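Q: The residues making up each chain are set out below.
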Amino acid sequence: MASSKLKSRSRSKPAPRPTPNDPIEWLFRAARAVGVLVKTWQGWLILVVIAAQLLLPLHYYTARRDLHDERFAWRMFSPIRMTECAVRATLDGAPLPLEREFHEAWIALARRGRFVVVEQMGARLCEKYAQKPVVFHLDCKYVGQPSQSFGGFNLCNVPLL
Amino acid sequence: MSKKRNRSNRPRPDKPGPASSGSRTSDVPPPKEPSPAPLPVARAKLGKPLPPRAPLFWFGFEVPWAKLALARFVLFGLLAVDAFLQIRHAPRYGAGDFNVGHFPFLDGIAPGRAGYEVGQLLTTYLFALAALGVATRLVLPIAAAIYAWLYFGSQLDSYQHHYLVAILVAISCFVPWQRPPNAEPATPVRTWAVRLILVQLAIMYLWAAISKLDPTWTSGRTLGGQLTGSLRAAIDNTVGMQAASIAVIAVELVLAATIWLRPTWKIAAPLGLLFHLGIAQSGLEIGLFAYLMLGFYLLVIPDAFFVWLAETPPVRSIRTALHRITRATSWAAWAIALAAGLGIGALVRLEHGLSAAIAVSAIPVALAVHARLLGTSPGTVVAVAHLWALVLWLAADRVSAVSADYYKYWAGSQRRLGDVATAEYAYRKLVDVAPDLELGHYYLGRILTTDGRGDEGLEHLREAQRLEPGRARAWMVEARWLASQGKHADAVAKARQAAFAEPSNGEARTLLETLIANRPAAAGRLEDDLEKL
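Here the protein sequences come in this chain order: A and W.
Per the numbering used here, residue 15 is the first one in the first sequence, and the count goes up by one each step.
Per the numbering used here, residue 40 is the first one in the second sequence, and the count goes up by one each step.
No lab work stands behind these hints, which were simulated from the structure alone.
Bear in mind the structure is a predicted one, so any value in this text is a computation, not a measurement.
Take these hints with a grain of salt, some might be off.
To be verified - Partial selection, computed: residues in chain W whose CB lies under 8 Å from chain A:
no.	residue
1	Q194
2	Q199
3	V238
Stated by the list, open to error - Quick look at which bits of chain A chain W covers, simulated, 3 or more residues with Cβ under 8 Å:
no.	region
4	47-59
5	110-119
6	157-164
Ideal Cβ positions, reconstructed from N, Cα and C, are used throughout, including at glycine.
Construct the entire structure; sequences and hints are all you get.
A: See the structure below:
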């Protein structure tokens with residue numbers, strides 16, 4: 015074994031070619047494939063779709079501020095889907111019946127804890143009622159996790175939950 | 040995917056036909072009659088030649104024409120029906136002039152109620168045309184754009200399966216769905232886009248499995264909280280919810296690894312079909328999505344099955360008839376279809392059925408202009424497809440409750456938001472569309488009696504009482520109205536009927552007691568039954 019190594023060194027032959035299962039070879043092959051793909055519009059499209067589909071769901075686990083919002087993350091039937099939030103709103107300190115202001119489908123989304131929907135509701139109410147204090151309270155219950163509360167402040171001053 | 044297999048898949052100009060598609064086509068039975076080497080013809084029509092080192096994983100991927108044709112019919116047929124069924128949700132779009140788009144820049148162009156209804160009618164029509172393979176290069180990009188607008192325009196639709204459909208329909212614009220010249224069932228059609236569809240599904244399964252690597256899922260609590268129906272009972276009585284939850288993760292991981300690779304389709308096909316059949320039985324509110332996924336598994340079933348199916352006598356006769364229609368041209372058929380289409384549009388009970396039918400007539404008109412420019416007549420297939428798509432509207436309208444739901448939801452949301460005039464209009468339409476539905480008569484009667492149009496209102500209240508004699512609310516509204524008119528004895532009689540009709544209704548009993556005690560509060564407004572729902 016040692017002598018064969020020496021022989022190969024003495025003849026200054028190139029290093030043995032990596033096998034097809036070699037991870038480095040796989041990387042090179044992948045890089046070559048990408049290099050060929052970018053030469054055609056079809057290849058660009060394939061790369062964009064794959065990159066987007068691999069990275070967009072990653073965004074949910076790394077950077078999304080609202081974990082109730084599972085859009086584009088392929089989290090079908092996840093535990094978060096079963097979140098139930100009690101939503102209360104007040105306008106200038108008085109209880110505000112949301113069903114008189116918004117379609118029930120939006121209220122259903124708010125009950126699932128979707129921050130951006132609640133924030134947009136708040137922005138709408140602030141505009142409609144001339145900046146009177148609009149406060150939302152979300153008391154959310156989760157499967158297998160402790161409950162959490164959100165809001166409790168004037169969304170006209172602090173527009174994000 | 041070794042290099043060796045890639046080399047064997049690389050097409051060789053000196054070896055036309057199935058021989059160039061490697062081991063995959065070895066399971067395709069040889070045609071009974073010698074056919075004139077269809078493969079190069081089919082390929083020659085599929086666009087410019089690709090770079091010499093183009094990855095065969097993508098650009099060498101082929102499916103037999105029979106598989107592509109059946110998948111096209113099933114997938115776009117299902118999408119057409121699903122698009123029509125979505126129309127019942129149109130009234131929530133634009134209600135109260137409030138919207139949150141999936142992306143902020145879409146807020147301004149989001150669909151309203153009418154836009155959503157017309158948009159779904161158009162996608163129904165376009166998918167129906169695509170199912171028959173008519174002008175797929177034209178209709179699919181339009182359908183994909185409308186579908187994306189409807190989905191991404193509002194978070195009201197946050198269903199991830201609609202997001203998946205939006206992506207897959209966009210990718211499917213690049214699939215050569217139309218029959219290549221002289222293609223036979225076994226003729227391979229090269230399509231990188233079908234490979235991309237399968238890879239997209241694999242990525243979805245992978246992330247879906249990752250999202251379930253969570254103690255609340257693996258313990259079975261999450262699945263147990265969502266499953267209903269016969270599947271729930273079957274799991275409870277056999278493996279239990281925890282084992283089923285872990286099995287779901289395993290299945291999704293296996294599908295992620297196998298659905299995009301031809302050699303592993305023999306694992307993916309039965310597993311995926313069983314998995315989505317199970318989801319269809321789960322009681323989850325996902326519409327036709329489980330069936331659509333089953334449709335996508337047509338792409339994974341071994342090719343030989345489709346070639347065999349296409350050569351069976353009944354399918355062969357259907358193919359012959361279709362080829363005859365495809366080759367025929369006729370101005371008369373085109374004109375009849377156009378006129379009949381407008382008539383069918385007028386029979387659809389949706390608010391904009393006729394307007395949408397006029398709008399979609401632009402497609403056969405455009406195809407006729409195109410044919411005229413080429414010096415020919417429009418194809419009979421255009422006339423047939425146009426009629427088939429509009430008949431699909433009519434059939435879906437008549438066999439489903441979409442129209443009734445549309446007016447019911449529209450009226451209800453407008454009533455709750457305080458727009459009584461629009462609510463009255465929508466309830467009148469509901470009564471027209473579904474005269475046997477108690478709800479329409481009840482609310483219309485209530486609105487009319489409150490508005491001082493007692494005689495007409497009473498007619499509807501009495502119709503509601505007739506339709507649902509075991510429900511108290513219509514009797515109660517009549518009793519209250521009679522009391523407000525000073526007809527106390529009649530009011531007591533109606534309140535007694537209300538309490539008799541629905542003995543468990545506490546409000547009816549309270550109303551009766553109040554009227555008997557002759558308290559003025561009896562004329563007050565009771566809580567709206569529907570708002571409790």
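Q: Can you name, in rising order, the numbers of the hints this structure does not satisfy?
A: none
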